[in-house]
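> Given chain R, put chain X in place with the hints provided.
Protein chains in written order, with the working numbering: chain R, 1 to 597; chain X, 1 to 123.
The hints are simulated quantities; they were obtained by calculation from the structure and are not laboratory data. Just so you know, these numbers come straight off a predicted model, no measurement behind them. Every clue listed holds true.
Simulated crosslink set (BS3-like; lysine-lysine; CA at most 25 Å straight-line): (1) K39/R x K14/X; (2) K12/X x K335/R; (3) K262/R x K145/R; (4) K61/X x K29/R; (5) K3/X x K14/X.
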Amino acid sequence: MPTYRSHVLVCGGTGCVSSGSLKLQENLKSELAKKNLDKEILVVQTGCHGMCEAGPIVVVYPEGTFYTRVQPEDAAEIVEEHLYKGRVVKRLLHREEVTAEAVAHYNELPFYSKQHRITLKNCGYINPDNIDEYIGRDGYQGLAKALLEMTPDDVINEMKISGLRGRGGGGFPTGMKWEFCKKSVSDKKYTICNADEGDPGAFMDRSILEGDPHSVLEGMAIGAYAMGADEGYIYCRAEYPLAIKRLKAAIAQAESYGLLGKNIMGTNFSFELHIKEGAGAFVCGEETALMASIEGERGMPRPRPPFPANKGLWGKPSNINNVETWANVNPIIIKGGEWYASMGTEKSKGTKVFALTGKVKNTGLVEVPMGITIREIIYDLAGGIINDKKFKAAQIGGPSGGCLTEEHLDLPVSYESLTGAGAIMGSGGLVIMDEETCMVDVAKFFLEFTQAESCGKCVPCREGTKQMLLTLQRITSGKGTMEDLDTLEELAVMVKESSLCGLGQTAPNPVLTTLRYFRDEYEAHIRDKKCPAKACSALIQYLVSPDLCRKCGLCAKNCPVNCISGDRQTPYVIDQSKCIKCGTCLEVCPFKAIRKE
Amino acid sequence: MAKITSLEDLRKIKASATDQTSARSEGKTRIIIGLGTCGIAAGARAVMEAVLEELGKRGLKDVSVEGTGCIGMCQQEPLLDVIRPGEPRITYGRVTVQDVPRIVTEHLVNGRIVEDRLIGRAD
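Bound-form chain R, shown alone:
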């Protein structure tokens, strides 16, 4: 077997594939062959590095040089300069800002050095299609330890000590959940992986499935052993084709090694795993709806109890955990529950992956210890707000979550602290907003999503979210009344308290938290007919300042509806009755003569 002096890791996650990483890999391989370097340098396709916005990402080992935004055409230069002549290609190094100094090494970037990667430790480091590389990083050691050295009760006990809680958002203690299922007496049990990741902007589950699929398979096998299940399902949305492809390959490889299937590792424990492709309904992330969908029924929730631990899939005791939860199992079994419990806060242990998006310099996936503050996430890891604007709010927990404000910046992140502030941990979506974001508009955006995804089974969620959305639309178009605010609040509380499942119970959170922290913005929309952030198009006007206008006519030339008139002698004027508020004139004016009010 040849020893390669250098490994060139090219990200093969969905983000980087869409920005051209497959072609880049091809080019790197052919350039290496041209230089006769293909015997000493290996090109490896890895999973996601988390910094998808800066993709395609390439890491060259042994140096650990971190290249971002590498185009297929750059392959020749990397091979010639870096791999043949040993000179780092400076122009491809990562920069946080155009003016900032380039950082050469992976571990020098604050985005990575401040993380604590447990579930993401293999993402971007191993080839997900090669089970040997996973085994080389302690893979399947946890399963071996559980099967050969531990009883099912030992495993559950270790999970309880670890303090791990459901990472899908509910935060229910995993060890306890497993114990309920184990105690259920039945001839047949199931373990299920919830990979129906549906929050807009959240993609940690996809990254784990694509970058380290075996960690999920192994976690599920350990869980099945502990609970006495012999069959499992991974419910993954069909919009994740790459994740499904890698999962299928991973299952086939694990089966051929005897790590899944009959008599695993020569013991009498057997575990068969299937993949169920979901059609992408948000409500199918709710456990009872998810099981209905696996059974071939319409994806709708049912009241609990009975809980899945007693009566789940096909009426048999079942355990459902989220992708990230399952990925935590192997490290906990190998290193012990106490090791895991040493990280985090009193009641929220370990780490959590957040999907950072919005107005921050570095967006992407970060895994951080519980108890970290929002300030550290935004200013240390994410590099602060774009253009150094002022931070306004952070929406945490996706459309089911709520917003946090400046006063919460130093709040240590945990399940309890977030719930106390009106938000939820959720699956870990974190959208950062700056001073130019309208909070009413944000509430409307998230409600549009949950309203459209409501399955329609229970009245509060079906009718309530619709009426709330209509009210918000009235307010953002300047037709709201002060009574609307009271109705909105009343409806929100009603929907939250009386909906059947988590979707309806959490859908009002964005409205409730924005009403709580940004009531003045709602009032400005209603009373003054003004949008303070100048984001709601019905409440703003574009105007030409005559003293600044140099009469160049660029605005008129670019206006898509021809509503700007003027000539070399008279300053240009915008006809407000025809203006569609697209903002093109403001962008093209070289003299800043157009303003938004």
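Relative to the frame of chain R, chain X by itself:
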């Protein structure tokens, strides 16, 4: 693929996988070879290949082999640096293919600097 039926089987796969991916691990002995135009003209590529061959022959997996650009001492090329963890960076000059086995055996394995090729030492 053969089925894994014991912890021993799993450990064997782990050991060989660790070897295969050893180029990606950090904190080990580094050999750095000058691969600027000057180095290549003086035969650095042949030295690089000899180093890889020698490491393979001796089964030394915990050594990383890196290239670097011209450092301005072109008359001494090919330059070869050895950095053992916790020790100063040792620079050898005018290294030939014949010197490579000696440097690997003496310096990397036995920890003794090959004095007749030594041209610099830096912390």
